[in-house]
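Asker: Residues per chain, in single letters:
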Amino acid sequence: MTPIRRPAGRSRLAGRAFIASAGALFPALAGAHGFGQRFDLPLPLWLWLTGAGATIVVTFVLIGIFVRDERPLLGYPRLDLLQWRPVRWVVNGTTATILRTAAALLFLLTLAAGLFGNPDPYSNLITTMVWVVWWVGVAFCCALVGDLWSVVNPWRTIFGWTESAFAAITRGRRLAPAMRYPRWLGAWPAVLVFLAFAWAELIWPDKNVPSRLGAVLLGYSVYTWIGMGLFGRDTWLRQAEAFTLAFGVLARFAPLEYVESPAGGAGPSGRALNLRPFGAGLLSSQPVAWSFMAFVLLMLATVTYDGFQETSLMQRVDTAAQTSHAMATVLFDLSELGFEESLVTHTVTLVVFAVAFVAIFWTIGWISLRGEVRRSERGLTPNVVACSFVLTLVPIAVAYHLSHYFSLLLTAGQFIIPLASDPFGWGWNLFGTAGYKVDLAIVSPYVFWYSAVAIIVLGHVVAVFLAHGVAVRLFGKQALAREVPMVLLMVGYTCLSLWILAQPIVG
Amino acid sequence: MFRVLFLACLAGWLGVVPTAPAADATARRVVALSLVNGALREGPDTVRVKQGEEVELRWSSDRPLTLHLHGYDIESKVAPGSATVMSFQAKLPGRFPVEVHGQPGHAHRAVLYLEVYP
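Protein chains in written order, with my numbering: chain A, 1 to 507; chain B, 1001 to 1118.
Rather than coming from a laboratory, the hints here were simulated on the basis of the structure.
Keep in mind it's a predicted model, so treat the numbers as computed, not measured.
Fair warning: there could be bad hints in the mix.
Unchecked claim - A short list of chain B residues far from chain A (calculated; beta carbon distances all over 10 angstroms):
hint: 1; residue: S1034
hint: 2; residue: P1044
hint: 3; residue: T1046
hint: 4; residue: E1053
hint: 5; residue: R1058
hint: 6; residue: S1060
hint: 7; residue: D1062
hint: 8; residue: P1064
hint: 9; residue: I1074
hint: 10; residue: S1076
hint: 11; residue: K1077
hint: 12; residue: A1079
hint: 13; residue: P1080
hint: 14; residue: K1091
hint: 15; residue: P1093
hint: 16; residue: E1115
As the list claims (entries may be wrong) - The calculated lysine-lysine pairs, modelled on DSBU-like cross-linking and capped at a C-alpha distance of 35 angstroms, are:
hint: 17; chain 1: B; residue 1: K1077; chain 2: B; residue 2: K1091
hint: 18; chain 1: A; residue 1: K437; chain 2: B; residue 2: K1050
hint: 19; chain 1: B; residue 1: K1091; chain 2: A; residue 2: K437
hint: 20; chain 1: B; residue 1: K1077; chain 2: A; residue 2: K437
hint: 21; chain 1: B; residue 1: K1050; chain 2: B; residue 2: K1091
hint: 22; chain 1: B; residue 1: K1050; chain 2: B; residue 2: K1077
As the list claims (entries may be wrong) - Restraint ranges, calculated between C-beta atoms of paired labels, are given here:
hint: 23; chain 1: A; residue 1: Y223; chain 2: B; residue 2: E1042; range: 20 to 26 angstroms
hint: 24; chain 1: A; residue 1: V438; chain 2: B; residue 2: S1087; range: 20 to 26 angstroms
hint: 25; chain 1: A; residue 1: Y122; chain 2: B; residue 2: T1046; range: 22 to 28 angstroms
hint: 26; chain 1: B; residue 1: G1038; chain 2: A; residue 2: Y76; range: 54 to 60 angstroms
Each residue gets a CB set at the ideal place from its N, CA and C atoms; glycine is no exception.
The following block holds chain A by itself, in its conformation from the complex (with noise of 0.2 angstroms):
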């Protein structure tokens, strides 16, 4: 856009001419989202009105037969598929080790085609790879089936080789961990990174750029190894890493559960591949820690303004920043530094937007405790409340970010079909699939419109269900009164999903 060279103000003949042009200076940001672009139709009124409605009334009678239920939610019904012997002979430790191997080449691959390969981002692998295949596709397989990237992780896996390699070379030394991971670090690392990657894939100018995102992933690649080095491989990604916490905290909503342990419901072998409920893993024991909390409702906050942005109401949060008085003038001595002014308002309503999150979510935590305290749940604060329910609201998320996104992995994920022939964009033609097309017409907006309404109302459905199984373990007999204040704001939630999606995508 065209940079404003006078901010409203400084004279006034220049103020009005500020004005006037304002509204025809939209943002620039030339598709919203990491890569490719949606052209889904907005949903019509009626369906929108539908999917809300159907919200409310599920709510109702969820809440009736909770009123005749009131047994806690202790365990889920489990089913070890170990347990016959084709899932034996496909789910071994050479499985995963092909697998492993498999995405750190990618990874590698990727890299390079970044680094090296041709400067367009539609014939160069690693913008579908980033941010289609892996962040969109990695992400439905994680949330829909289970834990992929745990198993895959390059980093992880790329730091492995080095160990070997370097207890080969000094004779069976061991690259010991240099310190321990301080406690009250916890996922606030987490939390930093995944702030800035939101940030690079819905705000940053170059992340269509190869060489730009490549740099940006062989930086991070240095960090997390670093991060390894220091606190040891398993710990950094149990605690720090922010894709492993992200995939894992979608993962907690999937079927299928890894476990490996003696104990914990594993077989005979000492581990078990567990199918479970949609959305069981979400059900925990205990309150998460509060920089998980945060953690978590940064995700959904992301998720959320990944949409808002792209609304008509954004474009009007833009102008009326750039039409007042003060703003004007503070995003123009910005602008004078160097920062455009659709990249500073864009950037300020992200980080609104995840402080708004937790600030909601922890005042309805102090709304369920108003009134009479009983005995049993003397030393309930807000913060063990926020703590307890923040996995609860992952279905709506999950359920949103499959609607908003299917169509764009169904579309854009077809560019990974001509660049497996090319992926550096040099002209080579390695299958044969060079010349591939993109089918935009794959997606119906029938298919489209139904099923991303079906999707969210069953994912209000399940959040619900978990809300009520916390608010039994924490509450008690009062669960159903406690529990009020954050289903409505569920109800809140899946409409404010619903109406995103109905509207016109812009900028």
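Following the hints, complete the assembly by docking chain B onto the known chain A.
Answerer: Then chain B, alone, in the frame of chain A:
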């Protein structure tokens, strides 16, 4: 506000273009759009059509620009004094931006959305 220029059966009206008899059934949608300073001066900012309709977007501009209709992937150059026409059949449903490309100092910006309903 939506001042859509609706000229049905343009081909028949002109009486020039020989069309198959079935073409009378499919309406031909002609929309005139004029750009001033790279932004739409008049006309709707969203054009809604039915899937299968023949669409003609007639562009004029006070400065040379390159316009790109995404999804359909049609690129046209428009210059002062000469209108340019994007003519296509709206086979693909969805919402597609027409963006201005190649303006120095500007990133890609949507000037119009085409919504094709099934």
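Asker: The structure should be examined with respect to each hint, and the outcome stated for every one.
Answerer: To see whether the hints hold, each was checked on the structure:
In this structure S1034/B is separated from chain A by more than 10 angstroms, as the shortest Cβ-Cβ distance comes to about 14 angstroms. With a cut of 10 angstroms on Cβ distances, P1044/B stays outside the contact zone with chain A, its closest approach being about 13 angstroms. Against the 10 angstroms criterion, T1046/B falls within the reach of chain A, whose nearest CB is about 7 angstroms from its own CB. With a minimum CB-CB distance of about 15 angstroms to chain A, E1053/B clears the 10 angstroms threshold, and the non-interface call stands.
Chain A leaves R1058/B outside its interface by the beta-carbon criterion, the shortest separation being 21 angstroms against a cut-off of 10 angstroms. Residue-level check passed: S1060/B sits 17 angstroms from the nearest beta carbon of chain A, beyond 10 angstroms. The beta carbon of D1062/B is kept farther than 10 angstroms from every beta carbon of chain A, the shortest such distance being approximately 14 angstroms. P1064/B, annotated as away from the interface, keeps every beta carbon of chain A farther than 10 angstroms; the closest lies near 17 angstroms.
Distance check for I1074/B against chain A: the nearest CB is about 13 angstroms away, which clears 10 angstroms, and the non-interface claim stands. With a least beta-carbon separation of about 19 angstroms from chain A, S1076/B lies farther than 10 angstroms from that chain, consistent with its non-interface assignment. Against the 10 angstroms criterion, K1077/B stays outside the reach of chain A, whose nearest CB is about 19 angstroms from its own CB. Taking the minimum C-beta to C-beta distance to chain A, about 20 angstroms, the non-interface status of A1079/B holds against the 10 angstroms cut.
With a least CB separation of 19 angstroms from chain A, P1080/B remains clear of the 10 angstroms interface cut-off, as annotated. Some Cβ of chain A comes within 10 angstroms of the Cβ of K1091/B; the nearest lies about 8 angstroms off, and the non-interface call is violated. With a minimum CB-CB distance of about 5 angstroms to chain A, P1093/B fails to clear the 10 angstroms threshold, and the non-interface call is violated. Interface exclusion of E1115/B from chain A breaks down, the closest Cβ pair being 6 angstroms apart, not more than 10 angstroms.
In summary, the hint linking K1077/B to K1091/B is supported, as the alpha carbons are separated by about 23 angstroms, within the 35 angstroms threshold. The hinted pair formed by K437/A and K1050/B meets the criterion: a straight-line CA distance of about 24 angstroms does not exceed 35 angstroms. A threshold of 35 angstroms between alpha carbons decides the hint, and for K1091/B with K437/A the separation of about 16 angstroms falls inside it, so the pair holds. For the proposed pair K1077/B and K437/A, the alpha carbon gap of about 24 angstroms is at most 35 angstroms, so the pair holds.
This hinted pair checks out: K1050/B and K1091/B have alpha carbons roughly 9 angstroms apart, not beyond 35 angstroms. Note on K1050/B and K1077/B: the hinted pairing holds, with a Cα-Cα distance of about 26 angstroms set against a maximum of 35 angstroms. In this structure, Y223/A and E1042/B break the distance hint of 20 to 26 angstroms, their C-beta atoms being roughly 52 angstroms apart. For V438/A paired with S1087/B, a C-beta distance near 23 angstroms keeps the hint of 20 to 26 angstroms intact.
For the pair Y122/A and T1046/B, the supplied restraint of 22 to 28 angstroms holds, since their beta-carbon distance comes to about 26 angstroms. Between G1038/B and Y76/A the beta carbons are some 58 angstroms apart, a value that agrees with the proposed interval 54 to 60 angstroms.
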